[in-house]
Structures are given as C-alpha cells and as structure tokens.
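Colleague: Dock chain Y against the given chain G, drawing on the hints supplied.
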Amino acid sequence: MADEIVLLSTWPSMFGMRVRVALAEKGLKYEYREEDLRNKSPLLLMMNPVHKKIPVLIHNGKPISESMIIVEYIDEVWNHKSPLLPTDPYQRAQARFWADYVDKKLYDIGKKIIWSTKGEEQETGKKELIECLKLLEGELGDNPYFGGENFGFVDVSLVTFSCWFHTYESYGNFSIETECPKLVAWTKRCLEKESVSSSLADPHKIHDFASGVRKRLGIE
Amino acid sequence: MGEEVKLIGSIQSLFSFRIEWALKLKGVEYEYIKEDVRNKSPLIFKYNPVHKKVPVLVHGGKSLPESLVILEYIDETWKNCPLLPEDPSQRAMARFWAKYADEKCLIAVWQAYMAEGEEKEKAMGPALESLAFLEKEIKGKKFFGGEKIGFLDLAVGWIPHWLNVLEEVGSMKLLDAEKFPSLHEWAENFIQISPIKECIPPREELVSYFHSALIYLRSLSANKP
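Protein chains in written order, with my numbering: chain G, 1 to 220; chain Y, 221 to 445.
One chain only, chain G, in its complex shape (with noise of 0.2 Å):
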C-alpha cells in the first residue's frame, strides 16, 4: 500500500524544514503544502487543534505535530534505511537530550537578536546565542556529525538553523564563523548531502524574509 504523505510547513521555518530533512534521507515522497501563518488552512487548524503551527505531517491521515516527534516518528515507521537515531540506549538518549537543548535554547535566543528593538537585549542575544553554539560545537568535538560517522538525530535538529545564521550575525553583527569555525565546518560538511541541501532555505532569502517582518512590526 502507497502511503500518502502530507507536510504542512513555511518555507523559512527552520522546524518545517527538519522534517524535509529526514524524509529525505529516508528517500520518501511526499505532498508539501505551504501554509500561510497569517490565514492558517482549516487543514492545519484540523491536523494541530491544540497548537495550530507548523509543521504538522499527516501520515495516511494520521496527524503529527513537533517537529523532533515527527522526526522520531519517520525514524521509527521507515527503519529499513539512513537510521537517524542509533541503537544503544545511552546514545539514543545523549542524542534526546541534545536535540531537546537546541529546541529549548536556539529558537528563542534568536528572536533576541532578530526581533527585539533594544540593543540590550540583541546583545544578551548574541552572547546567550555564542555559548550555545560553542557548547554544541564542543559536543561535537572531532566528529564528522553529531551522529558520530553518519548524520543523525541531533544533526537534523540543529542543522535547520544554519539558514539563519547570516540573518543572526547581520542583526547581532557578528561573525558566528570567527566564534565557532568547527560548527560552521559542520553546517557546510551537511550541506554536501542532498538531503539537507534540497531542504534548507537559501540564506539571503531568509535575511529578506526578516527584513520583511522587521518592516511590518515597524522595527526597521
């Protein structure tokens, strides 16, 4: 039996595109529909009642939501191919629990540096934003990957905000390859595999993206 696959996502969101990401190391077809966060289909609204955001990903009908689940879930039903997670416990855990700190840290340190309109608070940004990323960079150590030799869980959670990188170091004014050049190292190591390539928005795109939002909320 085929299996229908449906991705309701935005282009810039670096959450939709971890999805992208692992459906495509797994090699699977999908739908992608873009929604549009300012007029949400009654799709998205159906599929997400309890958060109403992307991504959602409805599998044969069946709705999921958050983006690492999702993920999780493409690990588990499609197993014959590019496992995400390994197969120890401790490992599949370590890889939890760092995919887990870049969704409770990165999100919300960029709209720091993004969105606010006090200096202060861009610089808490760039500041919280840098120990971050070195504290990853070190967990990656000497690693091609997070996932050690192959790309893995934890790769997909944090490549996704590569896209973004130029936008945090034009706002914040920073360089973020001078503070962490092995993690840099890394996002253009990832980039050389279709699967994040193909997924991933073009930088400069993102930049115009929240240039434009600046603009709307009147603070550019």
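Worth flagging that the hints you see were computed from the coordinates, not collected in a lab. Hints should not be assumed to be uniformly reliable.
Cut-off 27 Å, straight-line C-alpha distance, at most; resulting in silico cross-link-like pairs (BS3-like, lysine-lysine) [stated by the list, open to error]:
{"#": "1", "chain 1": "G", "residue 1": "52", "chain 2": "Y", "residue 2": "399"}
{"#": "2", "chain 1": "Y", "residue 1": "356", "chain 2": "G", "residue 2": "62"}
{"#": "3", "chain 1": "G", "residue 1": "126", "chain 2": "Y", "residue 2": "273"}
{"#": "4", "chain 1": "G", "residue 1": "188", "chain 2": "G", "residue 2": "134"}
Modeller: Positioned in the frame of chain G, the structure of chain Y alone reads:
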C-alpha cells in the same frame, strides 16, 4: 544489566518522582541521592553541568538528565512493563502530550499560582484550557496508557499531588471534578496504583516549599524595575 543505578532527585521535584515511579514499576533497584533544590550540591553541577537540575539518572557511571529523556532510556533499557506503546503513531502521541503537559499545562498552572489579584483570574484561563485538552485525551480511558499506566501517566503524574498543593498555596481551583470529570477520575485512580501509592511526596513538605517559593518569586517580581 547488573550495573549500579543511582537517582539524584529531590522530594519537592515532580520531575524526580516520575523517574522513581518508572524505576519502581520496572523493579529496578537504585540508590536515591537526595538533593535540596534550594541548596544545590556540587554533585548536581558535576552530573548535569548543562541545566544544573534534578533529576539525573546515573547508570553504570554514565549520567543522564532531563526527565522525559530519562523515562525513554529506562523504557529502552529495562524492557519489562513497557511504558511506551509499540505503535509509532501512538508513541508520537504519548510524546506529544507529555511535551504539551510540561511546556504548556505545567507552565500555565505555575503562572496562575504566581499571579495575584485581578491577574490571577486571567492567568487561570490558559491553565484551564490546557486541562480541557487533557480531559479530552483521557475521556473513555482508565489511564492515558490504556488499561495500565504508561509514559504519559507518569509524565502528568504531578496532577494529583502537586496541582492540588499549587491550588491551595496559589489560592485557586483548577481541577474541578465537575468541569473535568474524566481527568479527576484518572487522578483518583492513578494515586491508588502501586508503586505510585507508596511513593508520594509528604504533603506538608510540598506546601511549605511552594509557600516559601511563592513569597520569594513574588518579591522578585516586585523588585523588578
């Protein structure tokens, strides 16, 4: 599997209790190391340098923080008495609701507990809304895990005791038996099950802790510019 298991936890922490319940359900022997959240020991900084919080599970010398991550680790390591269902979409749902309960419900309850005066009524809104979602989820089931308690029951296991204390100390009523009959019934059933029944925090301890926490937190916001 003969490796030593230690749990660094505290009796005020609802997150710690989840782990104790899981370990006891699976019949895993462990050493409990008591932390005082108001006065953290060097142990916590050593075993959880990133978040500096309880609980932390230490298994064969390897440490693991973050309660929901620990629960999944326990479920994968000790396969008896499974906490998560086998079906991937049901597993995703259990994870979704556990995350929701921690990130929305608990936070909303906390905000309502801290709020004062006119703000309290307003703050209770999101808390009630989140309880309504959980009510819908438990309707028609004995436990969130079905006939037996599972991952999600442990994740929302703070409701029977901690919510009750937060309601008292925070002068509010959230889990109304008339408004949320299924959730209320689940709470009553949950605390009757072994090992939950034998492993609950002393109420006076929780009341005293949340009472002093409230005074402290309110004084912090009063001093904010």
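Colleague: Would you list, in rising numerical order, the hints stated earlier that this structure does not obey?
Modeller: none
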